[in-house]
Structure formats: C-alpha cells, structure tokens
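K.L.:
Listed here are the chains, written in short residue letters.
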Amino acid sequence: MGGIRYKIEEDKDRSKTKSKQHAPPVPAKQLPQKLRPYSPAGQSTQMIIGADDSNDQAILTQSNRLYSSYQLRRVYYSAFSPIPDASPILPLKAPPLVREHRLYQADWLLRFYGYSVDEIVPHDALDLEADPKLAWALRNRGSFPIDLNRASKEWLVHVPGLGTRTVGRLLNIRRYTPIRLIDFQKLRVSLKKVLPFIIADDHTPTRHGLDSDQLRARMITPPKPEQLELFTPPANDRLAKISAVTGQL
Amino acid sequence: MQTITIERNFQIWRDVARSHLQMGTSPDELFWDDGTAESGLFAIETSPLLVAEPREIRLPRDFVDLAKWVAGHVDQNRWSLLYRIAWRIAINGERHLLNLETDNDVRRANVLAKEIRRDRHKMTAFVRFRKTGINPENEREQYVAWFEPDNFIVELTAPFFKNRFTSMDWSILTPDCCAHWDGKQLSFTPGISKHEAPQTEDALDNYWRSYYSHIFNPARLKLNAMRAEMPVKYWKNLPEAPLIAELTKKA
Chain A
5 MGGIRYKIEE DKDRSKTKSK QHAPPVPAKQ LPQKLRPYSP AGQSTQMIIG
55 ADDSNDQAIL TQSNRLYSSY QLRRVYYSAF SPIPDASPIL PLKAPPLVRE
105 HRLYQADWLL RFYGYSVDEI VPHDALDLEA DPKLAWALRN RGSFPIDLNR
155 ASKEWLVHVP GLGTRTVGRL LNIRRYTPIR LIDFQKLRVS LKKVLPFIIA
205 DDHTPTRHGL DSDQLRARMI TPPKPEQLEL FTPPANDRLA KISAVTGQL
Chain B
4 MQTITIERNF QIWRDVARSH LQMGTSPDEL FWDDGTAESG LFAIETSPLL
54 VAEPREIRLP RDFVDLAKWV AGHVDQNRWS LLYRIAWRIA INGERHLLNL
104 ETDNDVRRAN VLAKEIRRDR HKMTAFVRFR KTGINPENER EQYVAWFEPD
154 NFIVELTAPF FKNRFTSMDW SILTPDCCAH WDGKQLSFTP GISKHEAPQT
204 EDALDNYWRS YYSHIFNPAR LKLNAMRAEM PVKYWKNLPE APLIAELTKK
254 A
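Protein chains in written order, with the working numbering: chain A, 5 to 253; chain B, 4 to 254.
Just so you know, the hints here were simulated from the structure itself, not pulled from any lab data. Note that the structure is a prediction, hence the values are computed from the model and not measured. You may find that some hints are simply not true.
What the hints assert, rightly or not - Here are the computed lysine-lysine pairs in the DSS-like style, where the Cα-Cα straight-line distance is at most 27 Å: (1) B:Lys-253 to B:Lys-239; (2) B:Lys-225 to A:Lys-228; (3) B:Lys-253 to A:Lys-97; (4) A:Lys-196 to A:Lys-228; (5) B:Lys-225 to B:Lys-239; (6) A:Lys-33 to B:Lys-165; (7) B:Lys-236 to B:Lys-253; (8) A:Lys-38 to A:Lys-16; (9) A:Lys-97 to A:Lys-190; (10) A:Lys-190 to B:Lys-117; (11) A:Lys-190 to B:Lys-71.
To be verified - Okay, the calculated beta carbon distance ranges per label pair: (12) B:Asn-220 to A:Ser-216: 34 to 40 Å; (13) B:Ser-22 to A:Ser-72: 43 to 49 Å; (14) A:Thr-208 to B:Asp-108: 27 to 33 Å; (15) B:Lys-225 to A:Leu-132: 32 to 38 Å; (16) B:Gln-14 to A:Pro-182: 35 to 41 Å; (17) A:Pro-126 to B:Arg-212: 53 to 59 Å; (18) A:Arg-169 to B:Lys-225: 24 to 30 Å; (19) A:Met-51 to B:Asp-108: 57 to 63 Å; (20) A:Pro-41 to B:Thr-135: 40 to 46 Å.
In this text, a Cβ means the ideal position worked out from N, Cα and C, and glycines have one as well.
For reference, chain B alone in the conformation it holds in the complex (with noise of 0.2 Å):
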C-alpha cells in the first residue's frame, strides 16, 4: 500500500490523483494521509505499479466543484474519500454516480460539502475587524482581525472579504491561516496561535456593543433560533457576546 500526504493543498491532491487515475490505481491500494494523522499503522512504502499507457481520464464538472468544498474539510478520510469517487466514476464506471444521492461516498462528499458551505458562510457573518491605523503612504485604512474556524476555510472565504472590503488593507488571522490584502492582491501566510495575535479593542467596539444593545428587542428573543443562527461556538471572538447573557436575563 502506498502512503501519500497531502497537507491541505487541493490541487496538488487533483494532480496526484490524476496521475494516479490514469496508472488506474485501485482506492484500496493508496493511503491518504493529510498530514495530521500518526500514520503508524499504515507507513508501509511500495512502489507504485506501472501500467504501459496511461488512459484519459475524464470527470465531470460537478465532480470538481463538490471536491473544491470537501478539500476545506478537517475530515481526515476526504482524500481517500474523495479519490474513491474519482476512481468510481472514471475507472470503475459508474459514470452517474454523483446523482445517486443515496449512495455512502456520494453522501458523505455531500454532507462535507454542506458543512463546508455552512462554515463558510458563517466566517463571512462573524469575521470582527478592528482598526488598527492608516496606512501613511496610501491613505488607506487598515483593519486586523482574529478568527478561529474549525475547517481549512480561510482560502475560500478570503475572496469574499477582498470583494466586500476592496478600499481597505486588512488581515485575517486565524490558528490555521492567515490572509492578507493590500489592495493589490491576496496573500496567505501560515497560522498564528492566539497570543501572538493583537489583542486590542479599537473605539468602535463601545459603538457597537452600545448598538448591538439597543436594537436587541426583548419581545422577539427566541433563544434556539438565535443559537442557531449564530452558533455558540462563535461567541468567544465576538465583542458582543458577553452582552448576550445580561440582555436575555432582562428579557
């Protein structure tokens, strides 16, 4: 069996695979280690098997978006997962296979898939930027801000952020990755842990916890749909949270 790692990279992972299609490598003979798992077991090294002509290697669009958003995932198992699919669809025949919702791997590459999106979209809700100074040359502002997501998340919501902020120079920091803008292009560096990050509290956090208090209506508070609108697990980072528990009291 053949050991491969793969850190986080998606296309590296595509490059591998289709190289790996087209020897015709059967899922069961590839391990797919992304880096994070204590590969005792399995660190058995052979040679691959060379195959005379490799063949073409076709996989349909949807195929490609689905493991665009299943490569963000923590899952440890969505490389071998993902290459299952693959081999599925391009060697093993089973040309159809992403329409048969009820299929294991096809509904596992789905709900990773739905996560991710979930996760995503939850990043560009609770993402707090605070200011940080002006830049002297450009005049441009420039805004610091700390996240922790639980999925490799932060290449695909970094595009969202330079669309909605374009004017601004500003920086996610997050354990995992970190992005930057300067106007010019994007840039990723690697993770930072939480006490290198910037603790300050710039002047508009008092204007937005005074906000966010007043147009708290205490009529309309439904706990289970605010939890799940706005899940627990962020209010750590969120300079609002701590107001949360006194306005629901009041209520």
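Chain A on its own, in the form it takes in the complex (with noise of 0.2 Å):
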C-alpha cells in the first residue's frame, strides 16, 4: 500500500513540473506506457468485518490511518460470510448486517463531516440501533441547540438529520433571509429528527426536548423483536444440507 502510494504522489509531482504541452490533449490509452498517468483513479481497500475479533473503534482507526496516512481514496467494509469446511479460526456466523451499515456511516463522518474517531466510537463498539451522529448527539447534549442562522457549517452537519447537501442548501438561503421551519419541509428534512437539536428563527426547543430521559426512545426505532416460531421450518441454507448429510458441524 506504501508503494502504491508512493508512486502515485511521485506520478502527480512529474505531471506538475512537466511543461504545459501544447498539443490536444489525448485520451491515456493512446500514450506510450511511460507517460500514462498511474494509477488515476487513486487506491481503495476493503476491509473484512467479522471474521476476527477486532473491535469497531479499531477497524475506524486503521480507517483514519489508510485515509491520512496513505491517501487512501475509498475503504470498503465487508461482512463475512462463513462458508462450509472453513478454517477453525474463523467464526461460524456472520455478523449482524447493521454493524456493515455503521461503518460506512461512521466512515462518511470521519471524510466529509469533520468527526474524530473517538469522537464516533468512544468505547469499543458503535451503536447498532442509532446511527452515529444521532449517537454522539445524545452523549453531548451540552452542544445543543444550534442556531440555525448563526452556527459555522462544522456545527450545522452535526446536527442529526442534517446532511453536508442540506446544510449547503441552508448556508445558500440564510445569507438573503432567515431560516424558518416551513423551510424544512420544503427542503424534505425530517422534522422529527431535527427539531429538539436546533433553534431556527420562530422555533426554540422545549424543555421536553433535550432534558428528556425518552428523548433517545423517541428517536430511534427499535428493531422488531423476531417471532420465533414453534416449530422452525427445516433450514434452506447451503449450510444446514451439508451439515445434515455429512453429520459435520
């Protein structure tokens, strides 16, 4: 990955100091090799989650790191997959899908809203039922609520339910006039989520709001408890026919 990168920033310094040409510019197919620009489009990764015991607050480190350090464009995070006749090291379930679903939300915090890891994840796992920012929201309550005419877009994308094209949107009107409600609605924001966290201009939050103890119950949906039925109905997975011919586990 080193290499990679390496050579990449060596790619880039070249092209700048070269002359300007002053042909048309060609397609990089039709360059010889030497000239062909490497490696365009950057350098992404992906990451297996699940198959061994690291921790979300490690994966998102070495995240920060690949993004930094190495330049990284994109990271991706998988879930894994257990297959029949595996390695005993590897575990035999897969993980919970949400947990793929809040690394990437919590990889899109770290790159395009200015959020720290330990910001995200301060103990070892993130939250599977709210998404990150809704979560560290309710840990730092003290922040809240943002005037919506008067905060610096670093504080207005940390506002849950407001997303970097909405509080672009937002910076764009509320040079020319103020932000009200109704403005959300046409902005197709959900109310709901965005309502105890701001002040805009005909609207201060209540004292139900953020003091409340059920201001987490409200805002999250909790998953629906899983009706387990009596008699289960033969399992249709590769696994379960295997298991079921051979006797082996």
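Reassemble the complex: the two chains are provided individually, in unrelated frames, and hints are given to aid placement.
P.N.:
Next comes the structure, spelled out in structure tokens:
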C-alpha cells in the first residue's frame, strides 16, 4: 500500500513539473506506457468485518490512518460470510449486517463531516440501534441546541438529520433570509429528527427535548422483536444441508 | 392581459421574454399559452404598454441553464413560471433568487428541471433501434426507433445519439417530434402517430431477447429496484419487456 501511494505521489509531482504541452489532450490509452498517469483513480481497499475479534474502534482507527497517511480514496467494509469447511479460526456466524451499515455511516462522518474516531467510537463498538451521528448528539447534548441562523458550517453538519447537501442549501438561503421551520418541509428534512437540536427563527426546543430521558427512545426506532416459530421450518441454506448429509457441524 | 402563444421553442420564448422584460411588463399582465390549453377564459387581447426606453436586462447564466431544461416540460404553466422568475431576478431586484431553494417558484422550477433531466437520462437508455437496411450510396447502416416520451425532450437528447451512433444513419420517431441523423446534420420533423411508424422487428431482436433472458439473474431479483431503474411506463416499447413477467415468475 505504501509503495503504491509513493508511486501515485511521484507521478503527480512529475506531471506538475512537466512543461505545458500545446498539443491537444490525448486519451491516456493512446499514450505510450511511460507517459500514462499511474493509477489515476487512486487506491482503495476492502476490510472484512466480523472475521476476527477487531472491534469497531480498531477498524475505524485503521481506516482513518489509511485515509490520512496513505491517501486512500476509499475503504470498503464487507461483512464476513461463513462457508462450509472453513478454517477453524474463522467464526461460524456472520456479524449483524447493521454493523456494516454503521461502519459505512461512521466512515462518511470521518471523511465528510469532520468527526474524529474518538468522537464516533468512545467505547469499543458502534451503537447498532442509532446511527453514529445521532449517538454522538445524544451523548453530547450540552452542545445543542444549535442556532441555524448563526452557527458555522462545521456545527451545522453535526445536527442529526442534516447532511452536507442540506447544510449547503441552508447556508445559501440564510445569506438572504432567515431560516424558518417551513423551510425544512420544503427541503424535505425530517422535522422529527431535527427539532430537538436546533433553534430556528420561529422555533426553540422545549424542555421535553434535550433534557428528557425519553429522547433516545423517541429518536430511534427499536428493531422489531423476532417472532420465533414453535416449529422451526427446515433451514434452506447450503450449510444446513451439508451438515445434514455429512453430520459435520 | 396579454396572451402570448409559444408552442415549444425555448429560443422564441427567450426573445419574447427579453423584450417584455425590457419594457418592464409584470408577470400578472401576461398569459403564456403553450398551444395546448383551451384558453377560453383568458383570451383577452390588449395592446402592450410602451415604455420610453427599454432597460438593460441581465440574467445569471444559471437561470438560462435552468430555463433550457424547464422549457422541455409538458407543464402548461412553465412559460409563466419562467417569466415570473426572470422578472423577479431582473426587475424586482431579487438577484440571488436562484440560491433560495425554498422559494416556491424556484422549487417548482427545480422540480421540473430534475424531471426533465431524469426523463432525458431514461430516454438514452430505452430507445431501441431496429435495422432497416444499408444505404447503397455510402454503405452506412440505417436504423429506426419508436419512442414515446412524456415531455418535449427529443431535441435535448438527439445530440447524445448523434455522438453515440455517429457512423450510422438513424431516425427516432416519436408522437411529439422526429429526429434524424444522416451523418452530416441533425434534423427534426413533426411527430407521427404509432400506426404510421414501422413495426417490423429485425433479426437482432431475437438475439437480444435470448441474451436478456440469459443474463437475468433470479437470485438478485428485486422488483422495486428494477421498477425504479426501468419504470413500467417504458415497457410497452421494449422488446424484452414481455419476457420479464415470465422470468420473474420462474425466479
């Protein structure tokens, strides 16, 4: 990985110091091998989640390092999925898919929302029930409510329910007119998510908002409890079939 | 109130709108008819007010880009919407109106523009050409396609096909307008109805259907996602559409 990063940087420096060509641009495929840009799309990698005992903090710390020191374009997270006759050091069960989803959300927070790894994962694991941004907001209620008409962009993106695009639109709008609640409906922002955390021109949060014990319960939708069946129907997956035939667990 | 009829040409609207903006006509004084509405109620012609000297009109480039997209929509009120926005920017002093995404007029215009962009994108995917022959003079292959767009997007999409299929002669026939490419220039003729369009299939149709049924992966079938990418309204002119019901049943 370090070797590729070095070559990419070397290539960029070389193209910067080259004298300006006056010929019309030629597609890269037609250039001779020596002049072609090295890996123009950058470098990316993939991590398998749940195959070993790395916790989310270790995974995200590693991702952060890859993005900053190695200048990686993108890190992909794939949930581990077990196969029959696998090595005994591998687990038998796949991790919950929600964990992969939370890792992607955390990855976005690292790259585009200015969060640090300690802010997203103060303990070992990411919260599976709440997305990382909401979880951070619930842990740091002292920083809220945020005034939409005065706060900086860095603070506005910390509000649950506001993404980078919506914040860009709000910044455009507030140069000319104060932001009111009706604007959220027009921008298709979920008022339920946003309301406890913001001050708008015509809204300040009530005391049932941030100080309430029920805030977390109101904001997250708990997963539906699985209704287990009395007689479990025969499993359909390959593992079970192989196990039934060979007797191997 | 003055009635102006503009059928579908953005350039004509642009010139008429510019002259009215220079005179300072307010949007309430104009009724823009796009040739489809039965304008019984508003057909009161009055002479336009003449102002001593026309003022200089400056509109941001974003507005012109937006207007070119909105002009392709079938919405009857698009011309009056565009004029109202132009008037508010140029004469009413709301120079940064297009930044205010929550303004109702701007929102409506953005919604229309987005629909047109999506329509145009889908058109580039779902036009199906059939070979009709080879031109004996210059050995170029000739293709014909029948398509039924919801909006006036043929002029907007034809340049894509020109760049994609430059070395073939093709025609895209629609009820709205027909586009033709002969290797040298793009031309447009009035639209035709479905029974005037050639209905023949060519030899490749069977290969295409066979290919489609073989690459159809039943393990990855997700009907909602499929219908979002390939809306059902386009199915009637796709040769592979009749196969879909059968393939989904088998999956």
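K.L.:
Taking the earlier hints as the rules, which of them does this structure contradict?
P.N.:
Of the numbered hints, 3, 9, 12, 13, 15 and 19 do not hold.
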